[in-house]
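Model the placement of chain B on the given structure of chain L, informed by the hints.
Chains L and B, in that order, are what the protein sequence lines are. Its first residue numbered 1, the first sequence is counted upward by one per residue in full-length UniProt numbering. Its first residue numbered 1, the second sequence is counted upward by one per residue in full-length UniProt numbering.
What the hints contain is simulated information worked out from the structure, not anything from laboratory work. Misleading hints may appear alongside valid ones.
[To be verified] Simulated restraints on C-beta separations:
#1 Glu91/B to Asp11/L: 45 to 53 Å
#2 Thr130/L to Asn277/B: 51 to 59 Å
#3 Asp161/L to Lys23/B: 19 to 27 Å
Beta carbons are placed, not taken as given, at the ideal position from N, Cα and C, and that holds for glycine.
Protein chains: 2
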Amino acid sequence: MISRLVDRIVDTGAPIVVGLDPKLSFIPDRIKDKAFEEKGVSLEGAAEAFWQYNKEIIDSIYDIVPAVKPQIAMYEELGIPGLITFKKTVEYCKEKGLIVIGDIKRGDIGSTSESYAVGHLGSIKIGEETFRGFDEDFATVNPYLGSDGVKPFISVCNREDKGIFVLVKTSNPSSGEFQDRIIDGRPLYEHVGEQVEKWGLESMDGSYSNVGAVVGATYPEMGKVLREIMPHAYILVPGYGAQGGKGKDLVHFFNKDGLGAIVNSSRGIIAAWQNENYKQFADGQVGDAARAAVFRYEKRHCGCT
Amino acid sequence: MISRLVDRIVDTGAPIVVGLDPKLSFIPDRIKDKAFEEKGVSLEGAAEAFWQYNKEIIDSIYDIVPAVKPQIAMYEELGIPGLITFKKTVEYCKEKGLIVIGDIKRGDIGSTSESYAVGHLGSIKIGEETFRGFDEDFATVNPYLGSDGVKPFISVCNREDKGIFVLVKTSNPSSGEFQDRIIDGRPLYEHVGEQVEKWGLESMDGSYSNVGAVVGATYPEMGKVLREIMPHAYILVPGYGAQGGKGKDLVHFFNKDGLGAIVNSSRGIIAAWQNENYKQFADGQVGDAARAAVFRYEKRHCGCT
Numbered sequence: 001m002i003s004r005l006v007d008r009i010v011d012t013g014a015p016i017v018v019g020l021d022p023k024l025s026f027i028p029d030r031i032k033d034k035a036f037e038e039k040g041v042s043l044e045g046a047a048e049a050f051w052q053y054n055k056e057i058i059d060s061i062y063d064i065v066p067a068v069k070p071q072i073a074m075y076e077e078l079g080i081p082g083l084i085t086f087k088k089t090v091e092y093c094k095e096k097g098l099i100v101i102g103d104i105k106r107g108d109i110g111s112t113s114e115s116y117a118v119g120h121l122g123s124i125k126i127g128e129e130t131f132r133g134f135d136e137d138f139a140t141v142n143p144y145l146g147s148d149g150v151k152p153f154i155s156v157c158n159r160e161d162k163g164i165f166v167l168v169k170t171s172n173p174s175s176g177e178f179q180d181r182i183i184d185g186r187p188l189y190e191h192v193g194e195q196v197e198k199w200g201l202e203s204m205d206g207s208y209s210n211v212g213a214v215v216g217a218t219y220p221e222m223g224k225v226l227r228e229i230m231p232h233a234y235i236l237v238p239g240y241g242a243q244g245g246k247g248k249d250l251v252h253f254f255n256k257d258g259l260g261a262i263v264n265s266s267r268g269i270i271a272a273w274q275n276e277n278y279k280q281f282a283d284g285q286v287g288d289a290a291r292a293a294v295f296r297y298e299k300r301h302c303g304c305t
Numbered sequence: 001m002i003s004r005l006v007d008r009i010v011d012t013g014a015p016i017v018v019g020l021d022p023k024l025s026f027i028p029d030r031i032k033d034k035a036f037e038e039k040g041v042s043l044e045g046a047a048e049a050f051w052q053y054n055k056e057i058i059d060s061i062y063d064i065v066p067a068v069k070p071q072i073a074m075y076e077e078l079g080i081p082g083l084i085t086f087k088k089t090v091e092y093c094k095e096k097g098l099i100v101i102g103d104i105k106r107g108d109i110g111s112t113s114e115s116y117a118v119g120h121l122g123s124i125k126i127g128e129e130t131f132r133g134f135d136e137d138f139a140t141v142n143p144y145l146g147s148d149g150v151k152p153f154i155s156v157c158n159r160e161d162k163g164i165f166v167l168v169k170t171s172n173p174s175s176g177e178f179q180d181r182i183i184d185g186r187p188l189y190e191h192v193g194e195q196v197e198k199w200g201l202e203s204m205d206g207s208y209s210n211v212g213a214v215v216g217a218t219y220p221e222m223g224k225v226l227r228e229i230m231p232h233a234y235i236l237v238p239g240y241g242a243q244g245g246k247g248k249d250l251v252h253f254f255n256k257d258g259l260g261a262i263v264n265s266s267r268g269i270i271a272a273w274q275n276e277n278y279k280q281f282a283d284g285q286v287g288d289a290a291r292a293a294v295f296r297y298e299k300r301h302c303g304c305t
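Okay, chain L solo, but in the shape it has when bound (with noise of 0.2 Å):
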């Protein structure tokens, strides 16, 4: 899966990846009061404008970006309602071509590993017929249980050719707390990351692994360290933007032919036409404005600006 990822970075040139993460305060009132109207002023009400938002946004960056990653949290917020609307902007997300990234942080003992393996990247049979939960192409790990919590989906990504990637270092303030805490003489997160690395070996595709790497933007001195010891993880890249991660600090992340990383971009796409920058979609163009924010964010990367 992993190759399939590069080379979707290749044709776009855009090492980047749409973060669908919808709030109803990102929402146009055109879309709410609509959905409202249609299924209610409820959790279905504000599913539906999730997914007619989340569409919109598709609509206009398919073709620009290779990948999207549907923050599981927002939609599991909404309950039921909240994960029909996230189950169906995956599969419409995979329909458009896109690359799909469960942004879901599981993570447990071994066979419980399994089950969520199985909901959101594989497959489970019953009777004669195979199913399948969610088939994202890709679902992020956390890392906390050991090598038993991680194996089961490392199992799946080899049946299925799926991705993961592992939380290495977060991006959020206190991600320091437990992971920088010095064990022989290194950080935490150095250890774990020796470990993706090690697990990778397991899933090789092309010269990358499907076993992947979280590492926030906002520690670029962090994620130059764990570039190095993780050369065939590709690394999923969050807190640009939005968390304080600057566009300059994204090259440590990148090997030196441009590939290596992807960097995930939320609010600033998917929000863009409430940012002051982008003035001419106030009205609630979403999916012009995400387009707008996308080669913005390709020309900035490219140092072009």
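Positioned in the frame of chain L, the structure of chain B alone reads:
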């Protein structure tokens, strides 16, 4: 919320939580056949079988145990239909007076953790009305992202009188890979335990805190130390039975008054009808076998056998 759990433990005299972790292989043919006939040999059919199976168990044990712990991964494996069964199970257990611990092991950066917390423990305002996603009483939380990943859960707990159990030392064989690594002379799990105690002081409810801890039964010596480090945390103890934790080891997790811990048993109760110790129920009397297994467990735990 923790005081409600303590009251229920005292009333039932049973510091046991029943893990509602269904698998198709645990379910008798009579339930599966009927479910598949009604809903098809499909995810919907399997989810219906989970529901009917859960219902038989709940109806047989609701008066003798204080709490249940559905493991959401088992439901998520079946996609949306599975999660609908999860939600129905949560609701039904609460109607029966059981306290529900959603074993969801969520955890993310601050704003995202807040969405999980709202979806599982809290409420969301849409228009003028308030809605609830899954509405468990407690949820399990992964601490890898540090305080700002955990505190949004605590805010929701304080607002809604709910609780969490934070993963400190998990029951699986490779839990030591990161959790046992030595930092400033002490294993990581002790540092996490210290934080749990600190976080917990922000959410006291009687003698204990709404912020509890998960500590695996498979590591009794560590349980002993953690019991001391976290005097206000209730300890949720998984891994008893199937994963190798033994009855005599459980004593370390409890305080002298018999409180302070609640032990999870899943397969040993919900699949008791398949166990050779309960041959009289081998025709698929799921509920009767589960009830017998709870009584047997209680006797063993009291040291009566």
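Practice problem: Please name the hints from earlier in the document that this structure breaks, with their numbers sorted from lowest to highest. | Solution: Number 2 only.
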